[in-house]
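Chemist: Take a look at the letters that make up each chain.
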Amino acid sequence: MDLNELLKVADAERKKQKAVRVHCCTSTGCQAANSLSVKKNLTNSVIDSGLSDRVEVVGVGCMGFCGRGPLVQIDPEDTLYEEVTPEDAPSIIDALNGEVAKPMQGDSQHPFFTRQMRIVRQHTGKVDPERIEEYIAVGGYQSLYKAIYEMSPTEVVNEISKSGLRGRGGGGYPTGLKWATVAKMPGNQKYIICNGDEGDPGAFMDRSVLESDPHLVLEGIAIAGYALGANHGYIYVRAEYPLAIERLQKAIKQAKKYGILGSQIFESSFDFKIDIRIGAGAFVCGEETALMQSIEGKRGNPIPRPPYPAESGLWKCPTLINNVETLANIPTIIRRGADWYSSIGTDNSKGTKIFALTGKIRNNGLIEVPMGITLREIVEEMGGGVPDGEVKAVQTGGPSGGCIPASMLDIPVDYDSLSKIGSMMGSGGMVVMDRDTSMVEVAQFYMQFCREESCGKCVPCRTGTVQLYELLTKILRKQATPADLEKLEALCQMVKETSLCGLGMSAPNPILSTLRYFPEEYQELIKNNSLHPKVAL
Amino acid sequence: MSVKTLTIDNTPVAIAEGATILEAAQEAGVSIPTLCHLDGVSDVGACRLCLVEVENINKLLPACVTQVTEEMVVHTNSPKLQEYRRMAVELIFAEGNHVCAICVANGNCELQDAAIQVGMSHTRFPYRFPDRHVDVSHSQFGIDHNRCILCTRCVRVCDEIEGAHVWDVAQRGENCYIASGLSQPWGEVDACTSCGKCVDACPTGAIFRKGTTSAEKERDRGKLEFVVNAREKREWTR
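Sequences listed follow chains E and A, in order.
Under my numbering, the residue at position 404 of the first sequence is numbered 451, and the numbers go up by one with no gaps.
Under my numbering, the residue at position 180 of the second sequence is numbered 523, and the numbers go up by one with no gaps.
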């Protein structure tokens, strides 16, 4: 396939598409709310009402407003229907004929939508993730073509460096620097790994990207392969994401058929294949060294770094490992240029970030926002605030992150600001808590998670998390003394500083941040000690 | 081959490139506590006892897997490191069921030695008293999981030196245990060559030779009568 043929496919697809497209979300969240029956009924209603010549029903990816699914959106008139039931289908189709629709219309002009800036999610909710032609019709794979034919590998790496893109998996390591390191490593065999082992409680950004726009991720991986001189990529997806796996498999098959993946891509000398590896349920396998062990077929235990994967990764070859969202940014950066990308965001955090807005908040769902937006804008304007209550804290970064108190909501969301206040960007989970939430219980919840997910290799994480959990339990049972609180803090520091991998190093963060911003909740529980009533703090 | 010079606890030391901080420390006569390290097998950096401070690096580094660099300045025994090491040993003691008085390794145990070396007199953490098992199905050896500290020396020695790979780690986190074969009784694992390397590698009394436990003392009282008979009645057989 060459560029002309690619454009021809795009053209043919655009011509084939009908004037009115009824988008019905078929992502995991909406599917669980019965969206497949909705889609079936919509299709039947179109046939019944004789609109087949100008209306088509398309199963699309996630539209973001997951708390109100199943979602149906009419393109191009941009009407949004929320919480649609299969019985609503006929009236939605009738509305296309000028009849008054039932009042389940959503507000597509709500800040939840209008404040977003969609780069990674630009096509999600608009294209059918199961058909490569739809992706090609919106300009898909042209960036890969551009990279191969108009840019040298070094130019691609430089473009990514210039864009200021940083790792979206949580650490925020400059992507360009990582790419340049792998590109400069000697050796003929290199690997690209796409980390889709998203495991933070309450986070589902990567799932939605993989389910809704798998080709975007494939294109990003292939561009990375071209830039770094690798010919083999792996996507590591957790087994809990069956729909993402199914759609990726389909997408890889379709891309191969078109000659966009495999040997001699776009009839060039660049070969690249992508394989899927499925996780077996361990959170720690999202840690890069453990993930590579897992791909090699070994027990998913982290190993000490250095050597870093860029130097000695998969099967001891130089390996690039990037998160799904990071790689999904690549095609757009190549298409629109580093200067455009770096104009978005703050000085040190460029571009956009997807957040999974969950917890005690009116508008649950996925949002993609430019870096530097404040937490208040996200939580209060876009999220609509807490229903019947007030925000107490926002937890970012999952079990590795921290709780940010309501008083700090005006902080801009970027890598440096969040880590400065003891939390982290993390992969993008954002859990909103209201006044009824006990912060000690929150800390205990995350510690239970870390305790269960520790691989058990190193002493501080394996046994330290257990003791931390037990100390928190003791505090919650009002049986702890001030000495226990001291012990808790000392052990937090020890686990943080001595653990082998990121899981252990960041496991105490939820405790440390709640101790820092909500010390009175701990002290209250100790003051009201039920075993030793005379203990004074 | 080039040589790197560095300073460990104010002692200058020169060592071949590629050597670890632990090896350099041995060269310099500085003792760093270890538990999962075993000369002759690969290092995993799991016990975290050998963590050291290196100037201008803001995290603690495991001496067993960190290679020396030129003009590196290493501190192995700062108050913070002493505290963390003591805490790590305390955590290990609280995690398993370590009762020295009834252990085959009492007096000859690296965990005991580590406790003495880091100055641990008691553990500040409550004992977990886990429900762990003992496998004595092997004809010559036994494994008492109560005493296991999951250093994985047995796993590595069996895999890397004997080439049998009888051992591996099963489960995760606090539920980890050293499994033989496909989590079968040790005695039923065909791969085991009964070489006994794991017994020699084990730092504690977790893997032991049968007949050495305190409960297994066999008394040959008949021998006394035999000796007397031999002397007095010239009976040389029994």
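Some clues are possibly wrong.
[Said to hold, decoys possible] Derived coverage of chain E by chain A (criterion: at least 3 residues anywhere in the stretch with Cβ under 8 Å from a Cβ of chain A; other residues may be distant):
#1 95-103
#2 341-351
#3 512-519
#4 534-544
I should point out that these hints are in silico values taken from the structure, not numbers from a laboratory.
Backbone N, C-alpha and C define an ideal beta-carbon position, used for all residues, glycine too.
Chemist: Against each hint, give a clear statement of whether it holds in the structure.
Modeler: Hint check:
1. 95-103: Answer violated; 0 residues pass the 8 Å Cβ test.
2. 341-351: Check passed, 4 qualifying residues.
3. 512-519: holds (count 4)
4. 534-544: holds (count 5)
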